[in-house]
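Number of protein chains: 2
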Amino acid sequence: MIDLQTSRQLLNEEQFVERLKHIGETKYHDKHPFHARMHEGSLSKTEMQRWIANRFYYQKCLPIKDSLVMSKLPERSDRIRWRERIVDHDGRTEDDGGILAWLRFAEAAGISRNELIEGKHFLPGVVFAVDAYVNYCRNNEWWLAVASSLTEVFAPTLVSYRIEVIERHYPWINAEGLTYFRNRLSQAPRDSQHGLSLVLSAADTYEKQDLALKAVEFKCDVLWSMVDAIQNGER
Amino acid sequence: MIDLQTSRQLLNEEQFVERLKHIGETKYHDKHPFHARMHEGSLSKTEMQRWIANRFYYQKCLPIKDSLVMSKLPERSDRIRWRERIVDHDGRTEDDGGILAWLRFAEAAGISRNELIEGKHFLPGVVFAVDAYVNYCRNNEWWLAVASSLTEVFAPTLVSYRIEVIERHYPWINAEGLTYFRNRLSQAPRDSQHGLSLVLSAADTYEKQDLALKAVEFKCDVLWSMVDAIQNGER
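Chains as they are written, first to last, in the working numbering: chain A, 869 to 1103; chain B, 869 to 1103.
Keep in mind that the hints were calculated from the coordinates and are not lab data.
Each hint should be verified, as a subset may be incorrect.
[Stated by the list, open to error] Dumping the calculated DSS-like pairs for lysine-lysine here, alpha-carbon to alpha-carbon at most 30 Å:
#1 LYS913/A <-> LYS895/A
#2 LYS940/B <-> LYS889/B
#3 LYS940/B <-> LYS1082/B
#4 LYS940/A <-> LYS940/B
#5 LYS988/A <-> LYS1076/B
#6 LYS913/B <-> LYS899/B
#7 LYS895/A <-> LYS1082/A
#8 LYS1082/A <-> LYS940/B
#9 LYS988/B <-> LYS913/B
#10 LYS899/B <-> LYS1076/B
#11 LYS1082/A <-> LYS889/A
#12 LYS1082/B <-> LYS940/A
#13 LYS940/B <-> LYS988/A
#14 LYS988/B <-> LYS940/A
#15 LYS913/A <-> LYS988/A
#16 LYS988/B <-> LYS1076/A
#17 LYS899/A <-> LYS1082/A
What you are looking at is a predicted structure, and each value in this text was computed from that prediction instead of being measured.
This is chain A alone, in the form it adopts within the complex (with noise of 0.2 Å):
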């Protein structure tokens, strides 16, 4: 472990994936309370229904939030392979795509795909984490919205263990509706991979980096924030 209060000297890949993970560790939303309750099998159906509910709202927004980051990227090749992003969330055509495997899953878990697409269950402390961070895409600089997005790089972990849980512990939702998360097993690992490689080469400076890690806490921020809010319910 690097020593964090004296050394400001430009990390390499190594010591900066380093420091990306330990934010992961201490950070990431896998470690809610929450969450550690969906995992051990304790949320009711209806605490289910509410995180599947309201994390659509994350979901709906990702093509959007991943347009504006596209609209800085400075490189066509690199705007290229960003638009795979968009893709997977928002489908080749419109019977496909990340949105629509959320509505599935969301109707595998007894959810009206009407209510959901019309907002009925959404939370205000999920569209204010949510908007948030479509917001900080907007209004930074283009490798700080790439460097937000770095939180893909402790997805997998979460994501195949939440298809795991799921299947174990809530055998009512129907397991055709674990597409979505099957499908991001691969895609998380190669948008992950992009985006840092975007990051290292733009944060160029010991300062640069740092502002690319606040980011990541930033997002994490937003994740946890969104699980809070899910968590409490409505009031």
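Since the structure of chain A is provided, determine the placement of chain B on it from the hints.
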């Protein structure tokens, strides 16, 4: 012709398109003296190269503008259709697309690709006009941003004429360089049809239709102002 002074009633599609075409007939940049000279074959090689090089700034900003518009479109199905514009310009891969086609057109006209990418030829007036267009789309409501793209309704006539003009009057430009224009002949009508249907359904009052038509006039001003700057050349 409807009476613009007295009628404040919602226009039907035919009336809206009539107003739109009237804007095209009076304000589209094909009427610019510089373009008139281009079409009669009297531009010097330097002038023609100046137009090609500066127009590249517009081309390279299109996917940025379209990513911003895509970030605002409320429907997933419309984002999927709008995404095709980005694919058209950025390319399916790095080896195709309109930006690359314009670089090849420029090379066919004897302009160095590297100089063009470095932006050495961009005149301030061109940059200001194009940036005004991108910022218009960034800062306005989505249907106004979409409306500003409706100059595409007028484009195919000009583009097909341009292919003929370049082949006839500027034979020093390698004919293989004209791929960009040939591709636009099918892309622009598809895009303008989608744009028109979006604007017609969103602009549901006469006042909004009027704003949408003003967005088209603004876009005509952008294109005209670019040609003004190109005509004047460097100070």
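Each hint tested on the structure:
1. LYS913/A <-> LYS895/A: Satisfied, since the Cα-Cα distance of roughly 26 Å is no more than 30 Å.
2. LYS940/B <-> LYS889/B: Cα-Cα ~26 Å, so holds.
3. LYS940/B <-> LYS1082/B: 20 Å, holds
4. LYS940/A <-> LYS940/B: 15 Å, holds
5. LYS988/A <-> LYS1076/B: 29 Å, holds
6. LYS913/B <-> LYS899/B: 21 Å, holds
7. LYS895/A <-> LYS1082/A: 11 Å, holds
8. LYS1082/A <-> LYS940/B: 27 Å, holds
9. LYS988/B <-> LYS913/B: 18 Å, holds
10. LYS899/B <-> LYS1076/B: With Cα atoms ~27 Å apart, LYS899/B and LYS1076/B stay inside 30 Å; holds.
11. LYS1082/A <-> LYS889/A: OK: LYS1082/A and LYS889/A at ~13 Å, within 30 Å.
12. LYS1082/B <-> LYS940/A: Satisfied, since the Cα-Cα distance of roughly 27 Å is no more than 30 Å.
13. LYS940/B <-> LYS988/A: Holds, because 21 Å separates the two Cα atoms, which is no more than 30 Å.
14. LYS988/B <-> LYS940/A: 21 Å, holds
15. LYS913/A <-> LYS988/A: 18 Å, holds
16. LYS988/B <-> LYS1076/A: Judged against 30 Å, a Cα distance of about 29 Å means the pair holds.
17. LYS899/A <-> LYS1082/A: 19 Å, holds
Checked against the numbered hints above, the structure breaks none of them.
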